[in-house]
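Residues per chain are reported as follows:
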Amino acid sequence: MPIISRGFSGRRGAEGVQLPPGQYVTTDFPVLSAGPTPNVPLDQWEFVIDHGASVLKRWNWKSFRDLPTERFTTDIHCVTRWSKLGTSWEGVSLDTILAEVDSADRYAMVRSYGGYTTNVPLEDLKSHQAWVAFRFEGQDLEPEHGGPARLLVPHLYFWKSAKWVRGITLVPQDKPGYWESNGYHLYGDPWREQRYSGE
Amino acid sequence: MWRVGIVRALHDETASARTLTLDVPDWPGHVAGQHVDVRLTAPDGYSAARSYSIASEPNPEKRLEITVERLPDGEVSPYLTQQLIVGDQLEIRGPIGGWFVWRPEQAEPIQLIAGGSGIVPLMAMIRSRASAVSSAPFRLLYSVREHGAVFYREELRRLTDRGVVHITYAFTRAVPQDWPLPTVRINADIIANATWPATLSPTCYVCGPTSFVENASRLLTVSGHRAQEIRTERFGPTRDR
Numbered sequence: 001m002p003i004i005s006r007g008f009s010g011r012r013g014a015e016g017v018q019l020p021p022g023q024y025v026t027t028d029f030p031v032l033s034a035g036p037t038p039n040v041p042l043d044q045w046e047f048v049i050d051h052g053a054s055v056l057k058r059w060n061w062k063s064f065r066d067l068p069t070e071r072f073t074t075d076i077h078c079v080t081r082w083s084k085l086g087t088s089w090e091g092v093s094l095d096t097i098l099a100e101v102d103s104a105d106r107y108a109m110v111r112s113y114g115g116y117t118t119n120v121p122l123e124d125l126k127s128h129q130a131w132v133a134f135r136f137e138g139q140d141l142e143p144e145h146g147g148p149a150r151l152l153v154p155h156l157y158f159w160k161s162a163k164w165v166r167g168i169t170l171v172p173q174d175k176p177g178y179w180e181s182n183g184y185h186l187y188g189d190p191w192r193e194q195r196y197s198g199e
Numbered sequence: 001m002w003r004v005g006i007v008r009a010l011h012d013e014t015a016s017a018r019t020l021t022l023d024v025p026d027w028p029g030h031v032a033g034q035h036v037d038v039r040l041t042a043p044d045g046y047s048a049a050r051s052y053s054i055a056s057e058p059n060p061e062k063r064l065e066i067t068v069e070r071l072p073d074g075e076v077s078p079y080l081t082q083q084l085i086v087g088d089q090l091e092i093r094g095p096i097g098g099w100f101v102w103r104p105e106q107a108e109p110i111q112l113i114a115g116g117s118g119i120v121p122l123m124a125m126i127r128s129r130a131s132a133v134s135s136a137p138f139r140l141l142y143s144v145r146e147h148g149a150v151f152y153r154e155e156l157r158r159l160t161d162r163g164v165v166h167i168t169y170a171f172t173r174a175v176p177q178d179w180p181l182p183t184v185r186i187n188a189d190i191i192a193n194a195t196w197p198a199t200l201s202p203t204c205y206v207c208g209p210t211s212f213v214e215n216a217s218r219l220l221t222v223s224g225h226r227a228q229e230i231r232t233e234r235f236g237p238t239r240d241r
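Sequence lines, in order, name chains A and B. Just so it is clear: in the first sequence, position 93 is 93 by this note's numbering, and no numbers are missing. Just so it is clear: in the second sequence, position 216 is 216 by this note's numbering, and no numbers are missing.
Each hint can be trusted.
Distance condition first, Cα-Cα at most 20 Å in a straight line; then the derived SDA-like pairs of lysine to any residue: (1) Lys84(A) / Asp73(B); (2) Lys175(A) / Trp99(B); (3) Lys84(A) / Ser47(B); (4) Lys175(A) / Gly98(B); (5) Lys84(A) / Gly74(B).
Since the hints were derived computationally from the structure, they do not count as laboratory data.
Using the sequences and the hints given, assemble the complete structure.
Have a look at this one:
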């Protein structure tokens, strides 16, 4: 039984809005990063899929932007409890990107400029569930929000949507990435409230 | 897992911020810089939770302090700062976070940079430094609206007198009487004059609103600090408040 907070009524969300447990709606776009925002010039940007030892596929900004893009609208849920509804993005589907590599590995370690990593099962990056996004609300993605390009996996907590993404390492086994090694859940499903490790 | 905290004391830091002192009987202990989730529940079962930085140092008494800034359109902070009374119970989850932390075994110089209520987790680090066997050299650069908006003012003065931390204030909106400097936002000159140089390889902890942290961490990078030695915690909306 939760403890009742004497005199608390709260500010209820709008009727009919479906939110994962423990989340609240914000109209701002808060930022959560562990360190300084890296500066990534487009002429040096690259996105690489590798096996650890060997590179499977490499794009520079131009060849990446030649890939077909999608526009989509989705809700995002941050582990710090804010959710932002109906955000619109443009990016390249991971289905498009992964179609260019052949691998039996089942897990992905996503790598970012600045050294950040996060682990995602490969299955969660496929079937129209994940993108490398470079536009937000019709504008080029700002550096503080992950520009030039960030991963977007909106069905998982937002820390999985790695900012300043630079590549994916395919691995046979699931291993914790950066936040997952610092107290956060290995998988991070907001609908099952998988916030912290040990839950 | 939600734990029960009993409110033992309430103390106003400023006109809009209040420190809650809680006893959490089954508190597992924490490290300076971590945060907790606080949950409120209405009689009909509706609940709302928010994250707050811990202000208190690790201590054997299972005492937990958080300082809450009241947001005008907030859902939880007005309750915590205006309605809560001593003896009330709160639900607490945590401690959370393993990166934005300072441990007493760290011997390197420490540079703290706070913007507004971003002082809270940094205060836990200063208090931890003061209560532990540590001689780590601490500096704090504290950017704040005006003198009346400074959290923990008297305690920070005492800690300065004891040599625990060296503090530089940067007032952004109004300076105190007889203050020798104009209002200022943190810039390259201040970083050069009031923080540890990059050559000492300090670990830097920067906490405040997003735009503040973006600016301060960029200035640190430009002045030669390595990105791996700059740890940040951002809060609040992206636009300047």
